[in-house]
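A.B. asks: Now for the letters of each chain:
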Amino acid sequence: MAKLAQLIDNDVFRAYATYTTIVLLKMMLMSLLTAYFRITRKAFVNPEDTASFGKGENAKKYLRTDQDVERVRRGHLNDLENIVPFLGIGLLYALSGPELYSALLHFRIFVGSRIFHTFAYMIPLPQPSRGLSWVAGYAVTISMAYKVLKTSLYL
Amino acid sequence: MAKLAQLIDNDVFRAYATYTTIVLLKMMLMSLLTAYFRITRKAFVNPEDTASFGKGENAKKYLRTDQDVERVRRGHLNDLENIVPFLGIGLLYALSGPELYSALLHFRIFVGSRIFHTFAYMIPLPQPSRGLSWVAGYAVTISMAYKVLKTSLYL
Amino acid sequence: MAKLAQLIDNDVFRAYATYTTIVLLKMMLMSLLTAYFRITRKAFVNPEDTASFGKGENAKKYLRTDQDVERVRRGHLNDLENIVPFLGIGLLYALSGPELYSALLHFRIFVGSRIFHTFAYMIPLPQPSRGLSWVAGYAVTISMAYKVLKTSLYL
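Chains as they are written, first to last, in this note's numbering: chain E, 1 to 155; chain Y, 1 to 155; chain S, 1 to 155.
Just so you know, nobody snuck in bad clues.
Intra- or inter-copy, both count: the list cannot distinguish identical chains.
Simulated crosslink set (DSS-like; lysine-lysine; CA at most 30 angstroms straight-line):
(1) Lys147 <-> Lys26
(2) Lys61 <-> Lys42
(3) Lys42 <-> Lys60
None of these hints come from the bench; they were simulated from the model.
Taking the hints into account, I'd like the entire structure generated from these sequences.
C.D. replies: Given below as structure tokens:
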């Protein structure tokens, strides 16, 4: 256990743990948002989900797509596509011995960009707000990947 | 190597390794299930996948969506949306020094809830079976995230 | 920091770091490819993305699905479904003390299979090219999962 404690006591690793947990919790919020819009817009996809609205045609009319629900789902998928690389590359980056201020800079920009991306997508803000916030998170991940490969390349 | 061996010898970490591997294997099963339904229902999406059924119109009629295939695909995406947070937050939680019985409780509820969720989605069971199993896994992940942030917050 | 350096100095772990970073960067390329096809095919899904094409009906006609865009998106989702298990199971495998040549074999086949899978999907090559490359990556992940469970099973 002593060795494990040393890992979590390392400042860079603690920063990684903090920012990763925050951005994953943010991603999990998208599930609640989807449920909220499905219920308020009465737009479901599984027949068993509409059973409480009655039987037959009365329930069937709630099996439909809704623009707000689809928008949240696209935001959720975009999170998955970008946060999964951060999860893996960020962990390896944190273990590659970066300077603390450099690691904090990377983590803060990434998490900030994903939170801004969510607002830009959900409100929605006019482009290129969403595009630029996506680029910021993408660039930070590439930068961390470069550091990982420079430190530990072993093909 | 000695240090690595100590990591995998730690009981909490071994439990994390075991339950994570099981739940990821369960998620991978969804790919096989999708393939099974695509083949038995003859419902494909890529033209090159129907080439063995002949040419022209004869093959084209198999480029269609099928309710069972779509249901499995939704279950698979739901797995991704929930197991990715578990993968990251669970790892950080395992490294944050929890009591073994507490860690086992978290991991067992999460993996149990995802297995039950799959059955509830695929059979399908009447609601709120699927909804409640989703909530159980979600709540466990939040609880682990709270422990991680309490132990290692570094903003 | 000494303990962290030991982790990243371990050859198996360095190989894991290298191959994971490469395959995650490959997955991230799918986002750029999607953007490329959306722009060249003028096929968007969010109204705010077409605002630069003018107002009203003129912009609305670009809110459509395009076969090439959908193909890239399916390839991207297939990456997520397969690379997420590799990310988690591969990490645990790297920590379970495998022989270096065995670990390299697993990582190389997985990353090679996913790169080939992308070409097979995007060109597209006739089946079973895509199917077989998917099976190779899947089988390698199962093999690593078996090693993890054999080494560290703790239920």
